[in-house]
Amino acid sequence: MLAMRCDRWTVLVVGLAALLALPVLTVFVTALQPAGAVWRHLADTVLADYVLNSVALMIGVGAGTLLIGVPTAWLTAVCEFPGRRWFEWALLLPMAIPAYIIAYTYTGLLDFAGPVQALLRETFGWSRQDYGFPEIRLLPGAALMLALVLYPYVYLLARAAFLEQSAAMLEVSRSLGAGPWRRFLTVTLPLARPALIAGVTLAQMEALADYGAVQYFGVSTFTTGIFRVWFGMNDAAAAAQLATLLLLFVFTLLVFERLSRRQARFHHTGQRSQRPARLRLQGRWRWLAVGACLIPLLGGFLIPAGQLAIWAWRTAPGMLDQRFLHLAANSLLLAGGTALLILLLAVLLGYGQRLRPHPLVRLAVRSAGLGYAVPGTVIAIGVLLPLAAIDRTVDGWARAWFGGSTGLLLSGTLIALLFAYCARFLPVALHSVEAGLTRIRPSMDDAARALGSTPHAVLWRVHLPVLRGSLLTALLLAFVDVLKELPAALILRPFNFNTLAVRTYELAADERLADSATFALAIVLAGIGPVILLSQTISQARPGHDPLP
Amino acid sequence: MTPFLDLIDLDVAYPPRRVVSEVSLQMPCAGIGCLLGPSGCGKTTLLRAIAGFEPLQRGSIRLEGVELSRPGWTLPPEQRRIGLMFQDLALFPHLTVADNVGFGLRGWKTRERQARILELLRLVGLDDEARRYPHQLSGGQQQRVALARALAPRPRLLLLDEPFSSLDVTLREDLAREVRGILLREGTGGLLVSHDQFEAFAFADEIGVLHEGRLRQWDSAYHLYHRPADRFVADFIGQGVLLPGWIEAGGRVKTELGELDGAPLSGVAPGDAVEILVRPDDVIHDDASPLRAEVVERAFRGAEFLYTLKLPSGARLLCLAPSHHNHAPGQAIGIRLDIDHRVMFRRETLIA
Chain A
2 MLAMRCDRWT VLVVGLAALL ALPVLTVFVT ALQPAGAVWR HLADTVLADY
52 VLNSVALMIG VGAGTLLIGV PTAWLTAVCE FPGRRWFEWA LLLPMAIPAY
102 IIAYTYTGLL DFAGPVQALL RETFGWSRQD YGFPEIRLLP GAALMLALVL
152 YPYVYLLARA AFLEQSAAML EVSRSLGAGP WRRFLTVTLP LARPALIAGV
202 TLAQMEALAD YGAVQYFGVS TFTTGIFRVW FGMNDAAAAA QLATLLLLFV
252 FTLLVFERLS RRQARFHHTG QRSQRPARLR LQGRWRWLAV GACLIPLLGG
302 FLIPAGQLAI WAWRTAPGML DQRFLHLAAN SLLLAGGTAL LILLLAVLLG
352 YGQRLRPHPL VRLAVRSAGL GYAVPGTVIA IGVLLPLAAI DRTVDGWARA
402 WFGGSTGLLL SGTLIALLFA YCARFLPVAL HSVEAGLTRI RPSMDDAARA
452 LGSTPHAVLW RVHLPVLRGS LLTALLLAFV DVLKELPAAL ILRPFNFNTL
502 AVRTYELAAD ERLADSATFA LAIVLAGIGP VILLSQTISQ ARPGHDPLP
Chain B
10 MTPFLDLIDL DVAYPPRRVV SEVSLQMPCA GIGCLLGPSG CGKTTLLRAI
60 AGFEPLQRGS IRLEGVELSR PGWTLPPEQR RIGLMFQDLA LFPHLTVADN
110 VGFGLRGWKT RERQARILEL LRLVGLDDEA RRYPHQLSGG QQQRVALARA
160 LAPRPRLLLL DEPFSSLDVT LREDLAREVR GILLREGTGG LLVSHDQFEA
210 FAFADEIGVL HEGRLRQWDS AYHLYHRPAD RFVADFIGQG VLLPGWIEAG
260 GRVKTELGEL DGAPLSGVAP GDAVEILVRP DDVIHDDASP LRAEVVERAF
310 RGAEFLYTLK LPSGARLLCL APSHHNHAPG QAIGIRLDID HRVMFRRETL
360 IA
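Chains A and B supply the protein sequences, listed in that same order. Our numbering puts the first residue of the first sequence at 2, with every later residue one more than the last. Our numbering puts the first residue of the second sequence at 10, with every later residue one more than the last.
The shape of chain B in the complex, shown without the other chains (with noise of 0.2 Å):
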C-alpha cells in the first residue's frame, strides 16, 4: 500500500548551510504525527519544504503515492492541498472571521462557500463571531479561526507550526487534544512542529525527535520514552540519569545498586563498560531495602516527590516517591531498581 506521507532521503539548506539532512520518515494513513526537538533542530525547516515553500536538494516528498517535491522541482504551495497554520497565526487583519476562513475557497459557488465557512466555524464553535475581525477576538478564538481557516478547502494534510505555543500551559494542552479531535473527524492528517514533549503526547500518534536537522527517532511516544533510539532522545525525551554499569562473565549487567534482572547480553565482552538509562519510575523508594541513597533535592508536586539522590559513589539519581513519603534533604532513605525497559549505550551506540 502506498503510504499517505513519504518523505525519502531528505536534503534541505540554506545554501550554504545544510538544516535537514538525510530525513526519511513514512505516515502509513492519514493520522497524526509530530516533529518535535530542540530550537534549531531544522523541524520547521522540514515543515515548510514538506508545505512546499522550501525547495529540496535531495530527496523526494510524496503524498498519497505523488511526488510533491524533488530536487531541481517544486510544485507550488498553493497546488498542493496542505494546509498550514503558523505560530503567529497569520490572520488576515483586513478580514472578517468568515472572510478569513473563506479566504481558500476561491472557485467555490457562494453557496457551497457559505455553507463550508458556516460549518466550519461551528465545528470550531465560533458561529456568533463570523462578522467580527481577528483583533476583536481573543488568544484562544483566534487560534480557532486560524485552524478553520486552514481546513476550510479540505487540505489533505495541515501543517502545524507550534501553534499553541502562544497559550499558557492548560489551555495548550486542551486545544491540542480538542485540534486532534477536529482533524480525526475531518479526515485530514496532521504532522505538528514543537518543542514540548507533553504537547507532542498529547496530539500525536507518531513523534519524530528532530536534532541537529537529522531525524532520530521516529516512534510512538511510549517507545520514544521507553526505547530511545540513542542518548540525545533518552536525554530529550523525560527525565533519568545514565548510570554507570560494567558486563560481568555471562553478559549479565552490574551498577552499583547490584545487577540487573534480563536475559544474558550477547555481543558483549566481560569488562566492557556501559551507562543504563534508569528514569525516575523505575527507582522505587523502599524502606526496607538495604540499598541507602542521601536525599540532595526534592520537589513536591502533589501526588508524589520527586527526590534528587546521590549514591556512595557520587553518582545522582532520580526517584518518584508518593507524596506521603517525606524525607529532607540530609536524609539517607531505602532504593531498589525495577526497571522494565533496560536501555544501555557504550559510548555512543545502543546494545540493547
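This is chain A alone, in the form it adopts within the complex (with noise of 0.2 Å):
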C-alpha cells in the first residue's frame, strides 16, 4: 500500500521534517558551488592540517576510550570487588563535564601559575628554570580530554555487551580449557566487538564536534577552520565546503557504526541463560581494580569538578552578581523554551508515524533525526545561511516598497538559535518519546475504546499516564544538552544575548580560569540530571535491552 493519504498529519509530519532536515541539505548545496579564491588557498595552506588533526584526534580519542572504557567495563560487570556497585554509575559521571569544561579546568591545574606546578616549586624549592613541565595544551593533550569525557561511551555499550554474554559461553570455553585470560580475549572480547566499535564510534563523532576543547588548546581541526572562514574570512561558500568534509567523516563513522551495529543483532542469539557467578577478585587483585575503576573516576570528574568548586568558592562572591542570575535566567529560559518546543516536535513526529506508518513518513522522520550526528559548528551554518538569505529578501522587499529596511528579522534573533537546537538535538527527544510509544500497542487504544472511552479520553486515560516517563526523559535530556552546548551558541546567539556556555568561554578565553568556574559549575551540576537518569535505566537493564536512553 504505496498510495499515500495527503491528509493534516502527513502533511505536517513531512513538512516538519523537512524543516529540520534543511540545514543540513543547505550545506550541502552550497558546498556544491565552485570553489572560490578562500578554499583555494584553505587547500593550499592549512586544509592538510585539519584533516591531519582530526585524524589524529579521532585515533587518540578511540585508544583512550577503548584504553578506560573496557577495563572498567568488564571489571564492573563480570568481577566483584569493593566499591563495585558504586562504581558501576560512579563512572558515568564524567559525561556531565563538558569537553571545553575539562579542558579549561586542566589548563589551570597543570600551567606554571596552577596548584600543581605551585606544589613543585614548594615542594622542592624549584624555580622556573629548574624543571621542565609537559605541556597539556597540545594535540595529544586535547585527545587525553576528551577521551576522559567520553570514555562512558565505550563503558555503557560494553558493559551491556559483556552483561549479555551467557554462562553457558563461558562454562563451554572453560570446559575446553581456556583460563580466565583467554576467555576474556578468544570469547569476551571478540562477542563484544560490535558494542566496542559502537561506543568508539559514537565518541569519534562527539570528538570529530567538538570546538571548546580544541580551539582553546590551539589544535586546528575542521571545526575550528570553520569558525575561522566564517568569521575571519567571511566566505559562507568555503565554510560550507569545509563543514561538508567534516560531514563527510562523521558519516563515514555512522555508516561505520551500523554496520556494526547489524552485526551485533546478529549476535543476539536470545540465549536467556542465567547470569554467571561475579568473579570475586582477590588479594592485591582486589585494589588494582579500584584503582582501575578510580583512576578514570578522579581525571574524568573528581579532579576537575573538584578544582572548579574550589575556584568558584573563591570567586563566587565576586561573580554571584545581578549579571550571573541575568545569564542564568537566559540560560534557563532558553534550555527550557527549547526543551519544550523540541518535546512538542518529538510529539507530533512520533505520533505522525505512529498514525500514519507510510515509508515515506518513516522517511521523513528518519532525516529530520540526522541532525544529531551533525557538529553544532555545521548546523549553525546551515541555519544562518538560509534565514539569512530570507532576511536578505523580506529586507529588499522593504525597501522597495516601503523605503524601509525591515534589519535582520530571523537570523539575528532567537529564532535562529531555536532552530538550530531543534535540528540538533531533537532526535534524543524523539528517540525517548518513539520508545515510549512503543509501550503503547495499538491494541490498547481499541481496548480502551472497547471500555467506553472517546479518542480524547484514551489519549489522557492511557496514553498520558504511560508516556509520562518518557517525556520527561526527553524533556530533561534536551534541556541539558541546550544548556551545555557552545559553538551553535557561540555563532547564531543575538548580540547582547549571552549564556552560561558562552560566558564560561569567554571568560576562559581571556585567561581568567577561575573566574569562569562558577558558570562551568553550573553546566556540570546541571549535566549531572541526564548521567542520574542513565544509571537508574542500567540499574535495572537485563540483558539484551538497549542501556542507552
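Where hints are given, some of them may not hold.
[Claimed, not checked] In silico contact screen, one side only, chain B against chain A (beta carbon under 7 Å); selected entries: (1) 87; (2) 93; (3) 95; (4) 99; (5) 103; (6) 117; (7) 268; (8) 271.
For the record, the hints were derived by calculation from the structure and aren't laboratory data. For each residue, glycine too, the CB sits at the ideal point set by N, CA and C.
Using the hints, build the complex out of the two chains.
Take a look at the structure:
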C-alpha cells in the first residue's frame, strides 16, 4: 500500500521533517558551489592540517576511550570487588562535564601558576628554569581531555555487551580448557566487538564535533577551521565546503557504526541463560580493580569538578551578581523553552509516524533525526545561510515597497538559535518519545475504546500516564544538551545575548579560568541530571535491553 | 423474534482492497460463536467491524435489533457495549490489576465499582492479585485479567480475537472452556476469532468458516465436519481425502472400494464423475475384508494409529485403527468403507 493519504498529519510530519533537515541540506548545496579563492587558499595551506589533526584526534580519542572504557566495563560487569556497585554508576559521571570545561580546568590546574606546579616548586624549592613540565595544550592533551569525558560511551555499550554474554558460553570455553585470560581474549572481547566499535564511533563523533576544547588548545581541526573561515574570512561557501568535508567524516563513522550494530543484532542469539557468578577478585587484584576504576573517575570527574568547586568557592562572591543571575535566567529560559519546543516536535513526529505508518513518513522522520550526528558548527552554518537569505529578500522587498529596512528579522534573533537546537537535539527527544510510544500497542487504544473511552479520553487516561516517564526524560535530555552547547550558540546568539556556556568560554578565552568556574560548575551540576537517569536505566537493564536512553 | 446478532450482507474494505465480502450471519440468542479460518481470511477485520473500528462499505450490523453500523455511519466503539479481548491482551501497564478491571467502569459509584471489580476478580480467581501490576503476573493470569476487564462493564457481546493463541495447547483448551462457562454464567454473548478448529470446537456452539473474505458455512461443529458446504470447508475442517467415484445407472455411486450405501441420487446422469469425502473414521480396518490397501505411513496416537494407505489405483486414504492393530509400512491390510454421511462434490458444487 504505497498510496499516500495527503491529510493533515502527513503534510505536517513531512513538512516539519523537511524543515528540520534543511540545515544539513543547505550545507551540502552550498558546498556544491565552485571553489572560491578562500577555498583554494585553504586547500594550499591549512586543509592538510585540519585533516591530519582530526584524524589524529579520532585515533587518540578512540584508543583512549577503549583503554579506559573496556577494562572498567569488564570489571564492573563480570567481577566483584569493593565498591563495585558504586563504580557502576559513578563511572558515568564524566559525561556531565562538557569537553571545553574539562579542558579549561586542566589548563588551570597544570599551568605555571596552577596548584600542581606551585606544589612542586614549593616542595623541591625549584624555580622556573629548574624543571620542565609537559605542556598539556597540544593535540595529545586534547585527545586525553576528550577521552576522559567521552569514555562513558564505550563503557556503557561494552558493559551491556559483557552482561549479555551468557554463562553457558563462558562455561563451554572453560570446559574446553581456557583460563580466565584466554576466555577474555578469545570469547568475551570478540563477542563484544560490535558494541565496542559502536561506543568508540559515538565518542569519535563527539570528538569531531568538539569546538571548545580543541580551540582552547590551539589544535586546528575542521570545527576551528569553520569558525576561522566564517568569522575571519567571511566566506560562506568555503565554510560550507569545510563543513561538508567534516560531515563526510561523520557519515563515514556513522555507516561504520551502523554496520557494526547490524552485526550486534546477529550476535543476539536470544540466550536467556542465567548470569554467570561474578568473579570474586582476591588480594591485590581487588585493589588493582579499585584503582583501575578510580583513576578515570578521578581524572574525568572528581579532580575537574573539585577544582571547579574550589575556584568557584573563591571567586563566586565576585561573580554571583546581577549579571550572573541574568545569564543563568537567559540560559534556563533558552534551554527550558527549547526543550519544550523540541518535546512538542518529537511528540508530533512520533505520533505522525504512529498514525501514518507510511514509508515516506518514516523516511521523513528519520531524516529529521540526522541532526544529532551533525556537529553544532555545521548546523549553525546550515541555519544561518537560509535565514540570512530570507532576511535579505524580505529586507529588499521592504526597501523597494516601503522605503524602509526591516533589518535582520530571523538570522540575528533567537529564532535562529532555536531552529539550530531543534535540528540538532530533536533526535534525543524523538528516541525517547518513540521508545515510550512502542509501549502503547494499538490494541490498547482499541481496548480503551471498547471499554467506553472516547478517543480524547484514551489520550488522557492511557497515553499520557504511560508516556509520562519518556516525556520527562526527553525534556531533561534536551534541556541539558542545550544548556551546555557551545559552538552553535557562539555563531547564532543574538547581539548582547549571553548564556552560561558562552560566558564560560569568554572568561576562559581571557585566561580568567578561576572566574569562569562558577558558570562552568552550574553547567556541570545540570549535566548530572541525565547521568542519574542513565544510571537508573542501566541498573534496571537486563541482558538484551538497550541501556542507552 | 429479533436475532441477537444480525450481520446482513457485509462488505468491509481497506480501499482499494476488499477484505470481507457479502457476509451474512445470525446468532439467534446470546450464545457463543466462532469465526474460523486461515490467517488472512478476513476474520479479524470482520470482528473489528462488529466492534466498530472498521466502517462498512455495504450491509448492516444489528445487535438486539438496534443498528450499529451501515455504510457511512458507524456507532463509535465506546457506545456499543461490546467488549473486546485481544490476542496481545493489551493490558494497561501503568494500572494495577484492579484498576485495569475498573477501567471501563467510569461513571459508576465508587462502592458499586469496587464491588463489581471484586466480583469479577473472584470470578476469574484473581482476588488476591488485585494490587499487582500486569507484568508481575503469569501469562494465564494476564489472560484472566483481560477477560475480567472486558466483562466488567457488562457488555452485551464479547469479541475475542485469538486470545488464547499465546498459551500452550493444554492450557489453551482449558481456558477456552473456562471462559465459555463464565460467559454463559454472565449471560453475555461471545464471538471468538480463531484459526484453530479444536479451540473453536471447545468454545463455540456455532462456527463460521471464512475463506478469502467470504463466509463459507455457519453451522455447528458436527455439521461442519459431517456436512461441509464446499470443498474448502471439507478440507479445512478435520482430516480426510476426496476419493474419485462415478455415477452408475439408477443414481448409485460407485468407487474403487465398491458401491456406497444410501438412497439413489437424483439429478445426476450415469457416468458423471464425482469425488466422495472420506474421513479417517469412515475407513474401517477389517482383516476379513477382501479389499486390500498398502500401508504407506503410520502415526501412533496413543489409543489409535492413523494410517496413510495406498489403493491399487494409487489413490490415498486415511484410516484410524485401534492401536493394537500394528502394521509396518509396506504391509497390505484389509479395509472397508463405512460412510455415515455421504458428502460428494462434482467440480465445485455439492450434489448430496
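Status of the hint placing residue 93 (chain B) at chain A (closest C-beta pair under 7 Å): holds (4 Å)
Given hint residue 87 (chain B) near chain A, where the shortest CB pair must fall under 7 Å: holds (5 Å)
Restraint outcome when residue 117 (chain B) is required to lie within 7 Å of chain A by C-beta distance: With a minimum Cβ separation of about 11 Å from chain A (threshold 7 Å), the hint on residue 117 (chain B) is violated.
Interface hint for residue 268 (chain B), Cβ within 7 Å of any Cβ on chain A: Violated - the Cβ of residue 268 (chain B) stays beyond 7 Å from chain A, reaching only about 55 Å at its closest.
Residue hint residue 271 (chain B), partner chain A, criterion CB-CB below 7 Å: Check failed: Cβ of residue 271 (chain B) comes no nearer than 49 Å to chain A, outside 7 Å.
Hinted contact residue 95 (chain B) with chain A - closest CB pair below 7 Å: holds (4 Å)
Per-residue hint verdict: residue 99 (chain B), partner chain A, C-beta under 7 Å: Holds: closest Cβ of chain A sits about 4 Å from residue 99 (chain B), inside 7 Å.
Chain A contact restraint for residue 103 (chain B) - C-beta distance below 7 Å: Hint on residue 103 (chain B): holds, closest Cβ of chain A at ~5 Å, below 7 Å.
Checked against the numbered hints listed earlier, the structure breaks hints 6, 7 and 8; every other hint is satisfied.
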